[in-house]
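Order-wise, the sequence lines are chains E and U. Residue 546 in the working numbering is what sits at position 546 of the first sequence, and the numbering runs on without skipping anything. Residue 209 in the working numbering is what sits at position 209 of the second sequence, and the numbering runs on without skipping anything.
Source of the hints: derived by calculation from the structure; they are not laboratory data. All of these numbers come straight from a predicted model, not from anything done at the bench. We treat Cβ as the ideally placed atom computed from N, Cα and C, and that holds for glycine. Each hint should be verified, as a subset may be incorrect.
[As the list claims (entries may be wrong)] With the C-beta cut set under 7 Å, the calculated list includes, among others, these residues of chain E facing chain U: (1) A260; (2) D290; (3) S296; (4) A300; (5) E302.
[To be verified] Partial pick of chain E residues on the chain U-facing surface, computed with a CB cut under 8 Å: (6) G107; (7) T242; (8) E245; (9) S262; (10) F288; (11) Q299.
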Amino acid sequence: MKINWRLLDKVRRRANPIQVDLIDAYAQNRISRRSFLRRGVIVGLSAPFMGSVLAACGDGESEGSGGNDTGSGDNGTDTTAGGSGGGEPVAGGDLRVGIQFGDANSGLDPLNMLDLGTYNVLSQSFEYLVGLGTDGNIGPRGLAESWTPNDDGSAWTFTLREGVTWQDGSPLTSADVAATIDRMVEVGAGLAGVVSEGAVETPDDRTAVINLDSPNGNLPVLVSIFNPQSLVTPADYSNGTTLDERPEGTGPWLFESHDATSFTTVFKANENYWGGRPNLDTVTLIGFEDSGTRISAMQARELDAIQEFGAVDGSSLLNDENMVILSPPAANHRQLWFNTQVPSGGPFTDPRVRQAVAYCLDRQQMVDTLFEGRAIVANDHPVHPSLPFFDEGATPQRERDIEKAKQLLAEAGQEGLTATLETGDIIYSADMAAIVEQNCAEAGMNITVSVTANSDFYGEYWCTGASWGAQPETGGPGVPCGASAPIGIVDYGHRPTPDIYFGRALQTDGDWNSSNYASAEFDQLFTEYQGAVDVDGQKAAVGKIQQLLHDDCPAAYPFFFDYLGGHDASVSGIENTALGHMLFQNASKTA
Amino acid sequence: MGRFIVRRLLLSILTLAIILVLVTLIPNIAPGDPARKIAGGTASPERLQAVTESLGLDKSVGEQLVDVASDTAQFDFGMSFTRPTETVTGLVTTSLWNSTKLVVFSLFLVLPLSIAGGVYAAYKRDTWIDRLIVNVGVALASVPEFVVGVLFLALLAVPISFFKVVASPPPGAGIFTQLQYMLLPALTVVTVYFGYIARITRAGTITALSADYTRTAFMKGLSTGKVFRKHVLRNSLLPTVAVVGTQLGYLFGGMVGLELIYNYPGLGRLIFDAVDSADYPTLRGGVLSVAIIYMLATLGADLLIAWMNPRARLSISEGS
Chain E
1 MKINWRLLDK
11 VRRRANPIQV
21 DLIDAYAQNR
31 ISRRSFLRRG
41 VIVGLSAPFM
51 GSVLAACGDG
61 ESEGSGGNDT
71 GSGDNGTDTT
81 AGGSGGGEPV
91 AGGDLRVGIQ
101 FGDANSGLDP
111 LNMLDLGTYN
121 VLSQSFEYLV
131 GLGTDGNIGP
141 RGLAESWTPN
151 DDGSAWTFTL
161 REGVTWQDGS
171 PLTSADVAAT
181 IDRMVEVGAG
191 LAGVVSEGAV
201 ETPDDRTAVI
211 NLDSPNGNLP
221 VLVSIFNPQS
231 LVTPADYSNG
241 TTLDERPEGT
251 GPWLFESHDA
261 TSFTTVFKAN
271 ENYWGGRPNL
281 DTVTLIGFED
291 SGTRISAMQA
301 RELDAIQEFG
311 AVDGSSLLND
321 ENMVILSPPA
331 ANHRQLWFNT
341 QVPSGGPFTD
351 PRVRQAVAYC
361 LDRQQMVDTL
371 FEGRAIVAND
381 HPVHPSLPFF
391 DEGATPQRER
401 DIEKAKQLLA
411 EAGQEGLTAT
421 LETGDIIYSA
431 DMAAIVEQNC
441 AEAGMNITVS
451 VTANSDFYGE
461 YWCTGASWGA
471 QPETGGPGVP
481 CGASAPIGIV
491 DYGHRPTPDI
501 YFGRALQTDG
511 DWNSSNYASA
521 EFDQLFTEYQ
531 GAVDVDGQKA
541 AVGKIQQLLH
551 DDCPAAYPFF
561 FDYLGGHDAS
571 VSGIENTALG
581 HMLFQNASKT
591 A
Chain U
1 MGRFIVRRLL
11 LSILTLAIIL
21 VLVTLIPNIA
31 PGDPARKIAG
41 GTASPERLQA
51 VTESLGLDKS
61 VGEQLVDVAS
71 DTAQFDFGMS
81 FTRPTETVTG
91 LVTTSLWNST
101 KLVVFSLFLV
111 LPLSIAGGVY
121 AAYKRDTWID
131 RLIVNVGVAL
141 ASVPEFVVGV
151 LFLALLAVPI
161 SFFKVVASPP
171 PGAGIFTQLQ
181 YMLLPALTVV
191 TVYFGYIARI
201 TRAGTITALS
211 ADYTRTAFMK
221 GLSTGKVFRK
231 HVLRNSLLPT
241 VAVVGTQLGY
251 LFGGMVGLEL
261 IYNYPGLGRL
271 IFDAVDSADY
281 PTLRGGVLSV
291 AIIYMLATLG
301 ADLLIAWMNP
311 RARLSISEGS
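Please construct the entire structure, taking both the sequences and the accompanying hints into account.
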């Protein structure tokens, strides 16, 4: 890079310390251009600003930065794919979309919803403070048009977009944002331990300052589309209010009707939407309890678009040349956990045995057979390689090595090990378990697979509160999941940063820590990572975490897989996230 | 006759009361804690307690029974546990109406077809056509409805746009569009019930055909058609009516597989989901409505049989 020092100095002066740190990291070639752009959005750099940095660093192509564009980037909107969809977009029309049947327990409650189907419904009328950017990242396309951290990342200032109104015509104000954050704090909603109640200051109607309990370098992600429960609702909304009870929103679609028995919701275009009236007249979201039927209905074109399907079940759609497949980058994964403490003296309390299983895994076979290649091999830690702070050099990829596995088992005195692998009947898990069984048999291990209905699985074999169902009491401090199985497979959905995977699944006493992993070293590194707001600090901590998890192996992470959704080629402009949101404000049917 | 109906209705109320007690007891005997399911696996103890109280599950079984009985007597089924904005009455009414449409349409197809088949098979007894009807019927009935449903989806609905994957029509659809959407699930019901009803009808018809009164009718020179209309059918259809009456309850509440496959929001799915999500008020409302349908259907079948068969009528009016 040939650096224009004068220009670089000029832009650095306009940035705060956290932003300067990022700019320097890029200028000194410590992070890639892509990482700079992704991280830049999170710490509040605008697209033109990042363009200036790129120019100063001698990188002429400054397009695609930020996410201020209309979203035709990498969110899966691929208008070139598909065969016959070459017509001109036409105004009007109804779009029929097949979605997951929403969890009845939450109803259309923006704060307490838990499933992809409900996320999709609620995010039509309500919007996030921080929207969807490009490349599976966040971007300033939500209700906040910009944000900046203070010098140490302990307070973040969000500037709201002008001219945003609720359905009754009253303006969106910072008071709405403050009330929303307070409600999130009340139920947790990803902000537990990050923000406390009453922490949002509102100096004026368009400015909200969120004061954190301690510095946090990823706060914008927690109030973005990637934390689905963070939808901004009116100040006088309350915890538990549902959309059908009180139709509201600032978004492109107005709630028209909802039938709970079929989980079918109809929306009509919001004429006063701040981003301009959508092209379509109506959108109908239809719930399907049976994913096979959802796929058949898409195949028969009774639907225009489909939310989430599996690679194998949906192969007919993947091979359909009139389908456009939407597959945003995703850190979805299945965790093969080992119980590192219980039963006492059990085989998996020995790290050599855990490593032996990890060496047996044929990761490429899983990627190929479970996902038909729509996945990437992972290296026994939950840090997705696309993250800015992923450390490539931390530890080499674990390759399959049966001899090494046998040797480790022999050292541990566990040749011919026998164990029962527990998993739920959720998509991919049972098939993966069968592959694990075969893979380990080659090293002489005798692993039997046991599959339980997913609704019972978590309470029986995984990790739950101390009093869940028939679960016995937990084993005390450091053993949050006293009754979790010695070895099992559990599902984790996409998160834009690994904070949840670290904090809940691996930290000592984490409420999802089915490995009962209790490592003072890990806890320390996690604290360092969360407190670090600079690129080097995050990368240093994460690199050590990668290596620690890889070596200690409290769980094996064989792959990250892509989310799959799609639409007919006669539709254009649909965007989606790996959490199931489908955005239709730019969608059109073609003639 | 009047006494008969009153007595039957009183018996029905007793049966309904027993069902109500059983359904009310379920939360207390089923594994797992409904409040835990509804509040979520990671809810705090305070929230769990609040949910338990809001569901009335902190009360004793006796108190719960009294509450439910008095609410039910006032036709107040309360709100759904899991969909707090929906009344049970609303959910059950919507689903019941959907199921009614599908059941009526299915019966409209399967009854004439299977009765005609059964009567014809009896008339052509022991010929190839008889064997064909009986064996095809048995073969079809032995395949579970959800298997037939999936086959129809793959073979008819996906390739041919006239047949629909999703059985619920778009809002505001006319009667013929609605029937078009419901055609595949209705045809699935036909495949399941054709053999069953045809065989019952065939057996009844064979008995009636060999009866003395039929022989007399033929001997006094009545045409075949007239003998069937005046003498045979009235008697041969008695078992058929009884069987269809008892199957109605299942058709309304038991077609979960079919409703899932065709994404049709019927009563079966409502009840199934209510069990799954521990939504006990909805479960209560759903099960009670199926029980009521079952009772009305069997009562209707008995009255129909009485009307068709003078001997049955006699025993009913004697009130024995």
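The hints, checked one at a time:
no.: 1; hint: A260; verdict: 5 Å, holds
no.: 2; hint: D290; verdict: 5 Å, holds
no.: 3; hint: S296; verdict: 5 Å, holds
no.: 4; hint: A300; verdict: 5 Å, holds
no.: 5; hint: E302; verdict: 5 Å, holds
no.: 6; hint: G107; verdict: 5 Å, holds
no.: 7; hint: T242; verdict: 5 Å, holds
no.: 8; hint: E245; verdict: 5 Å, holds
no.: 9; hint: S262; verdict: 4 Å, holds
no.: 10; hint: F288; verdict: 5 Å, holds
no.: 11; hint: Q299; verdict: 5 Å, holds
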